[in-house]
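Asks: Just so you know, the protein sequences line up as chains Y and W, in that order. In case it helps, our numbering puts the first sequence at residues 1 to 328. In case it helps, our numbering puts the second sequence at residues 1 to 339.
Heads up, a few of these hints could be off.
As the list claims (entries may be wrong) - From the structure, some residues in chain W lie toward chain Y, with a derived Cβ separation under 10 Å: (1) G92; (2) G175; (3) P278.
To be verified - With a straight-line cut-off of 16 Å between C-alpha atoms, the simulated EDC-like cross-links for lysine to aspartate or glutamate are: (4) K256/W to D265/Y; (5) K330/W to E262/W; (6) K298/Y to D323/Y; (7) K329/W to D258/W; (8) K256/W to D264/Y; (9) K257/W to D265/Y; (10) K257/W to D267/Y; (11) K129/W to D156/W; (12) K204/Y to E135/Y; (13) K257/W to D196/Y; (14) K257/W to D263/Y; (15) K215/W to D265/Y; (16) K203/Y to D224/Y; (17) K91/W to D117/W; (18) K126/Y to D150/Y; (19) K146/Y to D196/Y; (20) K33/Y to D196/Y; (21) K53/W to D25/W; (22) K33/Y to E6/Y; (23) K56/W to E220/W; (24) K215/W to D267/Y; (25) K129/W to D110/W; (26) K292/W to D196/Y; (27) K146/Y to E135/Y; (28) K11/Y to D67/Y; (29) K256/W to E112/Y; (30) K91/W to D110/W; (31) K56/W to E262/W; (32) K126/Y to E116/Y; (33) K256/W to D263/Y; (34) K150/W to E134/W; (35) K137/W to D156/W; (36) K87/Y to D76/Y.
Please keep in mind that the hints were generated in silico from the structure rather than gathered at the bench. From the three backbone atoms N, C-alpha and C, an ideal C-beta is built for every residue, glycine too.
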Amino acid sequence: MTALLELKNLKTHFMKKKANIPAVDGVDLTIQKGETVALVGESGSGKSITSLSIMRLIPSPPGKIVDGQILFNGQDLVTLTDDQMCKIRGNDISMIFQEPMTSLNPVLTIGEQIIEVLMYHQKLNKSQARTKAVEMLELVGFSRAKALVDEYPHRLSGGMRQRVMIAIAMSCNPKLLIADEPTTALDVTIQAQILDLMKDLSKKYDTSILLITHDLGVVSEVADKVVVMYCGQVVEEAMVEDLFDEPLHPYTIGLMGSIPSLDDDLDRLQSIEGNVPPPEHFPQGCRFAPRCPHAFDKCRSALPALMDVEGGSRKVRCFLHGDKEATS
Amino acid sequence: MSTLTKKDSNSSIITDSDYILEVNDLKKHFPVKAGILQRNVGSVKAVDGLSFKVKKGETIGIVGESGCGKSTAGRTLIRLYEPTAGDIFFKGRNISKMSESELRRTVRKDIQMVFQDPYASLNPRKTLKSILLEPMKTHNMYKGKEREDKLDELLDRVGFNPLFINRYPHEFSGGQRQRIGIARALTLNPDLIIADEAVSALDVSIQAQIINLMKDLQEEMGLTYVFISHDLSVVRHISDRVGVMYLGKIMEFAPKKDIYEEPLHPYTQALLSAVPTPRKKGAAPRERIILKGDLPSPANPPAGCVFHTRCPAATAMCSEKVPEFREVKKDHFVACHLY
Ligand SMILES: Nc1ncnc2c1ncn2[C@@H]1O[C@H](COP(=O)(O)OP(=O)(O)O)[C@@H](O)[C@H]1O
Ligand SMILES: Nc1ncnc2c1ncn2[C@@H]1O[C@H](COP(=O)(O)OP(=O)(O)O)[C@@H](O)[C@H]1O
Ligand code: SF4
Ligand code: SF4
Ligand SMILES: [Mg+2]
Ligand SMILES: [Mg+2]
Numbered sequence: 001m002t003a004l005l006e007l008k009n010l011k012t013h014f015m016k017k018k019a020n021i022p023a024v025d026g027v028d029l030t031i032q033k034g035e036t037v038a039l040v041g042e043s044g045s046g047k048s049i050t051s052l053s054i055m056r057l058i059p060s061p062p063g064k065i066v067d068g069q070i071l072f073n074g075q076d077l078v079t080l081t082d083d084q085m086c087k088i089r090g091n092d093i094s095m096i097f098q099e100p101m102t103s104l105n106p107v108l109t110i111g112e113q114i115i116e117v118l119m120y121h122q123k124l125n126k127s128q129a130r131t132k133a134v135e136m137l138e139l140v141g142f143s144r145a146k147a148l149v150d151e152y153p154h155r156l157s158g159g160m161r162q163r164v165m166i167a168i169a170m171s172c173n174p175k176l177l178i179a180d181e182p183t184t185a186l187d188v189t190i191q192a193q194i195l196d197l198m199k200d201l202s203k204k205y206d207t208s209i210l211l212i213t214h215d216l217g218v219v220s221e222v223a224d225k226v227v228v229m230y231c232g233q234v235v236e237e238a239m240v241e242d243l244f245d246e247p248l249h250p251y252t253i254g255l256m257g258s259i260p261s262l263d264d265d266l267d268r269l270q271s272i273e274g275n276v277p278p279p280e281h282f283p284q285g286c287r288f289a290p291r292c293p294h295a296f297d298k299c300r301s302a303l304p305a306l307m308d309v310e311g312g313s314r315k316v317r318c319f320l321h322g323d324k325e326a327t328s
Numbered sequence: 001m002s003t004l005t006k007k008d009s010n011s012s013i014i015t016d017s018d019y020i021l022e023v024n025d026l027k028k029h030f031p032v033k034a035g036i037l038q039r040n041v042g043s044v045k046a047v048d049g050l051s052f053k054v055k056k057g058e059t060i061g062i063v064g065e066s067g068c069g070k071s072t073a074g075r076t077l078i079r080l081y082e083p084t085a086g087d088i089f090f091k092g093r094n095i096s097k098m099s100e101s102e103l104r105r106t107v108r109k110d111i112q113m114v115f116q117d118p119y120a121s122l123n124p125r126k127t128l129k130s131i132l133l134e135p136m137k138t139h140n141m142y143k144g145k146e147r148e149d150k151l152d153e154l155l156d157r158v159g160f161n162p163l164f165i166n167r168y169p170h171e172f173s174g175g176q177r178q179r180i181g182i183a184r185a186l187t188l189n190p191d192l193i194i195a196d197e198a199v200s201a202l203d204v205s206i207q208a209q210i211i212n213l214m215k216d217l218q219e220e221m222g223l224t225y226v227f228i229s230h231d232l233s234v235v236r237h238i239s240d241r242v243g244v245m246y247l248g249k250i251m252e253f254a255p256k257k258d259i260y261e262e263p264l265h266p267y268t269q270a271l272l273s274a275v276p277t278p279r280k281k282g283a284a285p286r287e288r289i290i291l292k293g294d295l296p297s298p299a300n301p302p303a304g305c306v307f308h309t310r311c312p313a314a315t316a317m318c319s320e321k322v323p324e325f326r327e328v329k330k331d332h333f334v335a336c337h338l339y
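One chain only, chain W, in its complex shape (with noise of 0.2 Å):
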């Protein structure tokens, strides 16, 4: 059981207005099938018991190797993938067992998400314009008049000009394309914006464009973020809080300045200790710890502590016993039996 949200999943409504968004024992089993009659033979535990909670306003940063469930989890929290189990509570609303017609009358237009690749999820045939206007459209906000506002104040807030509207997508630049994948995530004003390696794909000149782009947007329009990236460092700047994933759990979680300062979960020291970062003349070089082997499989995670067959500090025990996921400093998460 969690100690992050003790909400009991059979209430569908809560009233902590402090938090947009609570999660709560969240998992995503993929089936694998295997043979000629496709049976089940297994499953694929990409996301195996998140609890979490979002105050309204700040950004959630998620960081974690590849394969670690990120993408998985996002795309959980926002109903794109069904839920294995577990409770998703959206502005107090319990949304994990909603149906699709349900949550479009509800909260759909308030959730959305940026991905990676703004080229994949945008129309090639379709000019910015009709891009942007879709979701009013599908939506039915906003009436004649109203939309062109609409469109003006999105591509202002944006930072793009009005004179690229009846472009189509291949002409702009990657770091062009985010700035529309971000404008068409802003046209029905939502509460929650998921970022799922948003900014992975730029070069670093456009990449600190868009990451400045983002938090002036959070300050003038009160956006909360939850913010996924394998890039520590990013993570770290645009973060109130951040949660470090490993095979689809998650290991620790605390504000930024814990994680990043003083981490507790071995886990996250060893990442920390391997992300290459200049270094001023004289100052001291950290100290690495190189993590042996790689990521075991989510279809087969070791028993006991999922990170024991790579942890340099495992005992007997931790092959065993699961490490509870609680609160050993304020605020402050981990899943280890050393604290």
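Here chain Y stands alone, though its shape is the one from the complex (with noise of 0.2 Å):
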């Protein structure tokens, strides 16, 4: 396999006045084609900021990307003029966000929306993008899509929102798709047909997908692999299956055993105790140390390195687990 994406200790920072806050600081990850990448964890991980960077789209000042590399097929995006990351947004990476209708035009028909940027960037003309932009709204289930290709955004509920945003951006068959909360805003059954549309896309044609969320439960049911996000940083990454049957870093044993279950009747959740710090308070040593169960001295002095365990396939920032510092 070739990795489509490589993220290699990108650090992302917002120059505050009275801080520098380390919202994205030091992540590696890597997405191969036809790849699900859940990447996880509570508000303020770094998450958004992290698949925001990979776009190119850090309002700046104050953010700035401070070091790493964004590597996409070997080219590295970061160094990439804004013309030339412009043909990438709108060619071979595209992202849809929670909040489908703050991304759409409410003046604009629907199919006019698809029509603009088939006709930017695909080159069709008017009738060639009408006639593929309602293939597309088909393609995302929309069984009356040639009425509803002049219609306006208003008329649709959230779920239905959130096909037209799939729609317009796997209108151009990018090679990643970034969802950043996709379903967090829909009910579970609405959820259902947006993560089963997905699904079906990334098969059809073979699309690397970028999946943020907070709800593990969303990311067993699509992910191949899983990227814990804490504090900036990557703590943990497995293949999906292994990290549901074992997880290894206490911060992700604790995030399971914070969910109450479906299937079983537990008394107790097992919570994990204090609150994630912001950036500009990131403890020294590990992050997760001061809410860590098993922290030891040397936790609160060293930062641990994210190694590979188990023969490479899976990797973690834990000493308990390895032992390595990080040198950066």
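Taking the hints as your guide, dock the two standalone chains into a single complex.
Replies: Pasting the structure below:
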């Protein structure tokens, strides 16, 4: 397998008057062709900033990619000009967000929004683009796609809007789809429709997906591989079955113990003490140490490196597994 | 007519002491106005005939997708909204038609509500201390030193550092604010707490802390909860019995084991099958029932069974006749023609 996307030690910081905010602070992540990778973690862990960095959509100032590489098909996106990046965004990488309404233009019809993208990036003429727009809407499951192209987005429900966003995102046949909490605002029955659709499309077109979510249930349904973030860093990476079978990092273990199960009755949830610290107050040493039930002296002074374990089939950042300190 | 409660709505006192709350065919319709004259052109049937009983010390979960009427039900139960029809018996008293002054005199302090966004319900210009003292002052409870003691007790109960007492709401994290929201609800020693999406905005590790706290408080203080949430897993964890709502009506109401392990109503079955859940290696995948289409508008609900437009088991009768909400097994109520 060849890596489609490879993040190497990605650091995206925000420079504020009072402090440097290390929102993303050394992220390593690889996505193979056709693979669905879930990026999970509680709010504030740096998931969205990681994805916006890949798209080169970080508001600057105050934000800046201060270190690392974003290799897409071997090419470092960090070094591209804005024009070059714009081409990549329309043709190779697309993104969908939690709130589809804010990304849809309320004064343009649904068709116009898809046609615009197709004419610009795929160089189709208007009637070709219109035909393709109807095709895309059918592809995402609208039975009355022909009529829908002339309607405005406000008439649509949340789930329908997200399907329109997927149609737009997929219309240029991207190699990578980044989906940031795409179903978080939707009800479970609608979420199920959207997740099924994303799975189908990725299989059909061999599209890789970076799925950002805080919902481990969603992860278990759609991901091939899982990357767990905490405080701007990756703390664990594993294939989905391995992770759910046996999480290794104390944070991942705590996270899984915190979710109530739909299938059995436990009297108490195993919770994680304390709160996620904001980036300007990331602790010394292992960033999970203040909340970790296994923390020992070394954890409070040295930062563990993200190490290969179990013969390189998974990675974990914790002194209980492997022993190395991070050098950077 | 409901088979859950058979109380005569004219009698204002009942004595069935096992039940702290009895709801009988409760409705809340919101008028839809249109035109310059703002004439009524119809109504949103947000809550359209709820009947259930709540035992003292138990937790009733109310689940359903957004817009099905959960929040409206909660707010109507505590009389923040005027009921359109139906009866609410609280500790034997019919409170559905009580005036505000009578409510204040009798039951207001006994029923409290905890909301999803504690921040929106906390005055940003007040310190934690004055937020907690306010309800005591309003209801003229505890005097002098007693108030300070009560304050200490509350902070201790919800696991709050007393050093934070002079801080303002914005200085706290989401989880801490929800602890404040809960402490405030407890100041007047209520019997019943209605929690509307109380943990829905929190990250899972914090959510677990708050759920554990609510369970502990229930045990220590003998509280009764009506726990409203769209999250089926959370509701299973915390509830004793669960009601599943769809378009303003209860489709199924039963002990949680029945609801989650042997759901009878086609809507409950579809809803449960849609929840993504982590599975252990080798476990068989659950069969998923994908519901077609979206929720119909509660301003114009389908005739017959309100679920018939999306129900995989619907027959001709379902679009004509409203299924009766009845007890089909012991303690297991369903509104569906299949049973
Ligand atoms: N424009 C910004 N200025 C300063 N800090 C920011 C900005 N955007 C995000 N951050 C910080 O970056 C951290 C990570 O944010 P984000 O990637 O959105 O988290 P997630 O998506 O995992 O919830 C947050 O703690 C936030 O405070
Ligand atoms: N104050 C109101 N005026 C008019 N309609 C309302 C009002 N509050 C809620 N509704 C409508 O009632 C229905 C039920 O809403 P709600 O009780 O908030 O549902 P839920 O809490 O289950 O998401 C929705 O269609 C909503 O739009
Ligand atoms: S390195 Fe130490 S503190 Fe960090 S997760 Fe491992 S045991 Fe816990
Ligand atoms: S009454 Fe008919 S439409 Fe309604 S849930 Fe039962 S089978 Fe489905
Ligand atoms: Mg985010
Ligand atoms: Mg609600």
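Asks: Indicate, hint by hint, whether the structure satisfies it.
Replies: For each hint, the structure was consulted:
no. : hint             : result
1   : G92              : violated (32 Å)
2   : G175             : holds (6 Å)
3   : P278             : holds (4 Å)
4   : K256/W to D265/Y : holds (10 Å)
5   : K330/W to E262/W : holds (13 Å)
6   : K298/Y to D323/Y : holds (10 Å)
7   : K329/W to D258/W : holds (10 Å)
8   : K256/W to D264/Y : holds (11 Å)
9   : K257/W to D265/Y : holds (9 Å)
10  : K257/W to D267/Y : holds (14 Å)
11  : K129/W to D156/W : holds (13 Å)
12  : K204/Y to E135/Y : holds (15 Å)
13  : K257/W to D196/Y : violated (28 Å)
14  : K257/W to D263/Y : holds (10 Å)
15  : K215/W to D265/Y : holds (14 Å)
16  : K203/Y to D224/Y : holds (12 Å)
17  : K91/W to D117/W  : violated (29 Å)
18  : K126/Y to D150/Y : holds (14 Å)
19  : K146/Y to D196/Y : violated (23 Å)
20  : K33/Y to D196/Y  : violated (19 Å)
21  : K53/W to D25/W   : holds (11 Å)
22  : K33/Y to E6/Y    : holds (11 Å)
23  : K56/W to E220/W  : holds (14 Å)
24  : K215/W to D267/Y : holds (9 Å)
25  : K129/W to D110/W : violated (21 Å)
26  : K292/W to D196/Y : holds (13 Å)
27  : K146/Y to E135/Y : holds (9 Å)
28  : K11/Y to D67/Y   : holds (5 Å)
29  : K256/W to E112/Y : violated (48 Å)
30  : K91/W to D110/W  : holds (10 Å)
31  : K56/W to E262/W  : violated (25 Å)
32  : K126/Y to E116/Y : holds (9 Å)
33  : K256/W to D263/Y : holds (11 Å)
34  : K150/W to E134/W : holds (12 Å)
35  : K137/W to D156/W : violated (21 Å)
36  : K87/Y to D76/Y   : holds (14 Å)
The structure fails to meet hints 1, 13, 17, 19, 20, 25, 29, 31, 35 from the earlier list, while all remaining hints are met.
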